[in-house]
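Read top to bottom, the protein sequences are chains A and B.
Numbering that gives the first Met the number 0 puts the first residue of the first sequence at 0, with every later residue one more than the last.
Numbering that gives the first Met the number 0 puts the first residue of the second sequence at 0, with every later residue one more than the last.
The hints are simulated quantities; they were obtained by calculation from the structure and are not laboratory data.
It is possible that part of the hints are untrue.
As the list claims (entries may be wrong) - Rough simulated footprint, nothing fancy, chain B against chain A, three-plus residues with beta-carbon under 8 angstroms:
1) 214–226
2) 280–288
Claimed, not checked - The calculated DSS-like cross-link candidates involving lysine-lysine, where the alpha carbons are at most 25 angstroms apart (straight line), are:
3) A/K337 / B/K145
4) B/K218 / B/K233
5) B/K124 / A/K4
6) B/K37 / B/K234
7) B/K247 / B/K233
8) B/K23 / A/K149
9) A/K4 / B/K126
10) B/K78 / B/K21
11) B/K189 / B/K37
12) A/K242 / B/K21
13) B/K22 / A/K149
14) B/K192 / B/K218
15) A/K241 / B/K23
16) A/K241 / B/K78
17) A/K241 / B/K21
18) B/K78 / A/K242
19) A/K241 / A/K149
20) B/K77 / A/K241
21) A/K241 / B/K22
22) B/K145 / B/K126
23) B/K120 / A/K241
24) A/K242 / B/K77
25) A/K149 / B/K21
26) A/K4 / B/K145
27) B/K247 / B/K234
As the list claims (entries may be wrong) - Label-pair distances were calculated between CB atoms; the ranges are:
28) A/P328 / B/G67: 54 to 60 angstroms
29) B/H130 / A/K149: 41 to 47 angstroms
30) A/A142 / B/Q144: 37 to 43 angstroms
31) B/T24 / A/A155: 22 to 28 angstroms
32) A/G43 / B/W117: 37 to 43 angstroms
33) B/H130 / A/A211: 38 to 44 angstroms
34) B/S196 / A/S206: 58 to 64 angstroms
Glycine included, C-beta positions come from ideal geometry on N, C-alpha and C.
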Amino acid sequence: MEITKTYRYYFSILLLLLMITFLVNISLGSVAIPFKEIISSLSGGGTSKSSWQFIIIDYRLPKAITAMLAGGGLAVSGLLMQTLFRNPLAGPFVLGLSSGASLGVAILILGAGTFGGFLGGILLSSWSLVIASALGSFLVLLAVLSVTIKVKDTMAILIIGLMFGSVTGAVVAVLSYFSDAEQLQQYIFWSFGSLGNISWEGLMILSICCIAGLILGFISIKPLNALLLGENYARSMGLNLKKTTLLIILATSILAGGITAFAGPIAFVGLAVPHLTRQFFTTSNHLVLMPAVLICGAILMLICDTVAQLPFSEYTLPINAITSLLGAPVVIWLLVRKRKLLF
Amino acid sequence: MTLEKKHSVIEANNLTIGYQSKKKTTVVADGINFSIYKGELIGLVGANGIGKSTLLRTIAGMQPVIDGIIYIDNIPLKKYHSLQLANQLSIVLTEAPASRNLTVLELVSLGRQPYTNWVGKLSEKDKETIHSALQNTETETLAHQKCFEISDGQLQRVMIARALAQDTPLILLDEPTTHLDMYHRAYVLKLLKTLASDSGKTILFSTHEIDLAIQLSDKMMVMTPETIHFNTSKKLIEAGCFESLFPKETIQFNPETGRFSIK
Numbered sequence: 000m001e002i003t004k005t006y007r008y009y010f011s012i013l014l015l016l017l018m019i020t021f022l023v024n025i026s027l028g029s030v031a032i033p034f035k036e037i038i039s040s041l042s043g044g045g046t047s048k049s050s051w052q053f054i055i056i057d058y059r060l061p062k063a064i065t066a067m068l069a070g071g072g073l074a075v076s077g078l079l080m081q082t083l084f085r086n087p088l089a090g091p092f093v094l095g096l097s098s099g100a101s102l103g104v105a106i107l108i109l110g111a112g113t114f115g116g117f118l119g120g121i122l123l124s125s126w127s128l129v130i131a132s133a134l135g136s137f138l139v140l141l142a143v144l145s146v147t148i149k150v151k152d153t154m155a156i157l158i159i160g161l162m163f164g165s166v167t168g169a170v171v172a173v174l175s176y177f178s179d180a181e182q183l184q185q186y187i188f189w190s191f192g193s194l195g196n197i198s199w200e201g202l203m204i205l206s207i208c209c210i211a212g213l214i215l216g217f218i219s220i221k222p223l224n225a226l227l228l229g230e231n232y233a234r235s236m237g238l239n240l241k242k243t244t245l246l247i248i249l250a251t252s253i254l255a256g257g258i259t260a261f262a263g264p265i266a267f268v269g270l271a272v273p274h275l276t277r278q279f280f281t282t283s284n285h286l287v288l289m290p291a292v293l294i295c296g297a298i299l300m301l302i303c304d305t306v307a308q309l310p311f312s313e314y315t316l317p318i319n320a321i322t323s324l325l326g327a328p329v330v331i332w333l334l335v336r337k338r339k340l341l342f
Numbered sequence: 000m001t002l003e004k005k006h007s008v009i010e011a012n013n014l015t016i017g018y019q020s021k022k023k024t025t026v027v028a029d030g031i032n033f034s035i036y037k038g039e040l041i042g043l044v045g046a047n048g049i050g051k052s053t054l055l056r057t058i059a060g061m062q063p064v065i066d067g068i069i070y071i072d073n074i075p076l077k078k079y080h081s082l083q084l085a086n087q088l089s090i091v092l093t094e095a096p097a098s099r100n101l102t103v104l105e106l107v108s109l110g111r112q113p114y115t116n117w118v119g120k121l122s123e124k125d126k127e128t129i130h131s132a133l134q135n136t137e138t139e140t141l142a143h144q145k146c147f148e149i150s151d152g153q154l155q156r157v158m159i160a161r162a163l164a165q166d167t168p169l170i171l172l173d174e175p176t177t178h179l180d181m182y183h184r185a186y187v188l189k190l191l192k193t194l195a196s197d198s199g200k201t202i203l204f205s206t207h208e209i210d211l212a213i214q215l216s217d218k219m220m221v222m223t224p225e226t227i228h229f230n231t232s233k234k235l236i237e238a239g240c241f242e243s244l245f246p247k248e249t250i251q252f253n254p255e256t257g258r259f260s261i262k
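Okay, chain A solo, but in the shape it has when bound (with noise of 0.2 angstroms):
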């Protein structure tokens, strides 16, 4: 009982700090906004310059939105990832999934061109955007699993992780060989990930994917826990094992695949965040863990958010390679401290 106890204060500071990081993100930007006017306008009060109300509600608050999602999701969807192959080392990026969102949105930006004008328009809009990139998630992530189940070797399904990215990566290059300057740059933007991006229609679309994702996930919880023990336990207490793990599958492709649409491929936090949470929350139980690694994840992100946008430049560096400065060195950490990573 003490232990749910101790659990109920880590989450209130989990909230407290969710809510300190999402005002500092939005205060902090390229313009200086003094924190009372932050205030005033976030909670309908408007501000004294009309320009100030509209980058605080058209860019910052659906920025710090995308980033709560796409941390909370991309690490939800590492956290699923690491148990449903009971690998510590899962990720949506390691395992190639993001990969195969790029491809699938790859496809679409670079193959675009090739339809031309108005065809070519209908394509581009966010929804074929996210259905590209989840469909291309989804494929990878099938492909993955079907090798796991002849290859039972985890190093080797890593490394066959590694090659799908090699394989996109090729794909890629063929595509921009023959695709314009516009397109390809496009595409390169896309690439290097970005929140501040997307619209508030977007922002619906990537709330319906998250949400679509997490329900799946907070269903899953059981057989989540059940999986810890092995696949022969598992169903041993009455796991059906087929439609656990397609729910899972469906879940992490939602997820990982919706966020990249919108976000790019964002690197470490699926499989970095996890084993965070893991160090201050000392339990398996997915119950306690799925909603302390959406927390996590939502702060991450929006932590490196706010460091991407070199608060008063003008400059907002790419939030990949933030997540990977940040993301790289705490996996290292993590396993030169603990020598070994569990799940």
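Using the hints provided, position chain B relative to the given structure of chain A.
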């Protein structure tokens, strides 16, 4: 009127076990027939690679039946849904749990999954069952330790506790005494004996501790390359079944002591 027809918990009818892949079927053993009744403790012995694990896995529904029929509680195994089967039998395998990051308490609690709601919330009754499972296996002091912190022998007892928490009429154990010291080997087998005789559970376990199994089991199943002998240990000793287990040049069975000795 009170005379009850003896009720078989597991019945194998001309059973063939083995592995099946797309291209070929490997038969491990065939022509297996036996009936196990409620409250019996059955020891399954045989040389390495003879098919003890395959038999247990086939009964647990983890491997397909090649030929013949298995009845669990008089209903063919095929007709069970996985959840129904989880209410009938629990298993202890030789494989370690995939995650070593679980605490002992969490691991044992997972045994209640067939009975809990969609998020796995434990009721008071669930907690009681878990507590007594920990007590029975002498693992309650380990409850809050992580599985990577405890020894292999302790983990073995924790896995048995998980099966007990699942609270099924039938328990299958694949070599439950490996990794255990001599005291805990005897302790676990005695525990299985008590569970069978007092709680009326039916227990089938494979083991290499043939002498301990001879002393404790109600009946024994001896797997040899030719056939499977199934009877009480006394009758099996009289029939000389244990002599045929291993090559006689190296070890010999002494029918009087019920032990093997090196020649």
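Verification of the supplied hints:
1. 214–226: Satisfied; 6 residues make the cut.
2. 280–288: holds (count 5)
3. A/K337 / B/K145: This hinted pair holds, its Cα atoms lying about 14 angstroms apart.
4. B/K218 / B/K233: With Cα atoms ~9 angstroms apart, B/K218 and B/K233 stay inside 25 angstroms; holds.
5. B/K124 / A/K4: Status holds; Cα separation ~22 angstroms.
6. B/K37 / B/K234: Distance of about 20 angstroms is within 25 angstroms: holds.
7. B/K247 / B/K233: Given that 25 angstroms is the threshold and the Cα spacing comes to 21 angstroms, the pair holds.
8. B/K23 / A/K149: Holds: B/K23 and A/K149 sit about 16 angstroms apart, inside 25 angstroms.
9. A/K4 / B/K126: holds (18 angstroms)
10. B/K78 / B/K21: Status holds; Cα separation ~24 angstroms.
11. B/K189 / B/K37: holds (18 angstroms)
12. A/K242 / B/K21: Distance ~23 angstroms between A/K242 and B/K21 Cα, so the pair holds.
13. B/K22 / A/K149: Given that 25 angstroms is the threshold and the Cα spacing comes to 14 angstroms, the pair holds.
14. B/K192 / B/K218: holds (12 angstroms)
15. A/K241 / B/K23: holds (24 angstroms)
16. A/K241 / B/K78: holds (18 angstroms)
17. A/K241 / B/K21: Given pair A/K241, B/K21 holds - Cα atoms ~19 angstroms apart, limit 25 angstroms.
18. B/K78 / A/K242: Distance of about 19 angstroms is within 25 angstroms: holds.
19. A/K241 / A/K149: Cα-Cα ~16 angstroms, so holds.
20. B/K77 / A/K241: holds (17 angstroms)
21. A/K241 / B/K22: holds (23 angstroms)
22. B/K145 / B/K126: Between B/K145 and B/K126 the Cα gap is close to 19 angstroms, so the pair holds against 25 angstroms.
23. B/K120 / A/K241: holds (23 angstroms)
24. A/K242 / B/K77: holds (19 angstroms)
25. A/K149 / B/K21: Cα-Cα ~12 angstroms, so holds.
26. A/K4 / B/K145: Within the cut-off at roughly 20 angstroms; holds.
27. B/K247 / B/K234: holds (20 angstroms)
28. A/P328 / B/G67: 54 to 60 angstroms: holds (59 angstroms)
29. B/H130 / A/K149: 41 to 47 angstroms: Holds, at about 42 angstroms.
30. A/A142 / B/Q144: 37 to 43 angstroms: holds (39 angstroms)
31. B/T24 / A/A155: 22 to 28 angstroms: About 27 angstroms separates the Cβ atoms of B/T24 and A/A155, which means 22 to 28 angstroms holds.
32. A/G43 / B/W117: 37 to 43 angstroms: Check passed, 38 angstroms falls within 37 to 43 angstroms.
33. B/H130 / A/A211: 38 to 44 angstroms: Roughly 39 angstroms apart at Cβ, these two residues keep to the hinted range, so it holds.
34. B/S196 / A/S206: 58 to 64 angstroms: Because 60 angstroms falls inside the window, the suggested range holds.
The earlier numbered hints are all upheld by this structure, with none contradicted.
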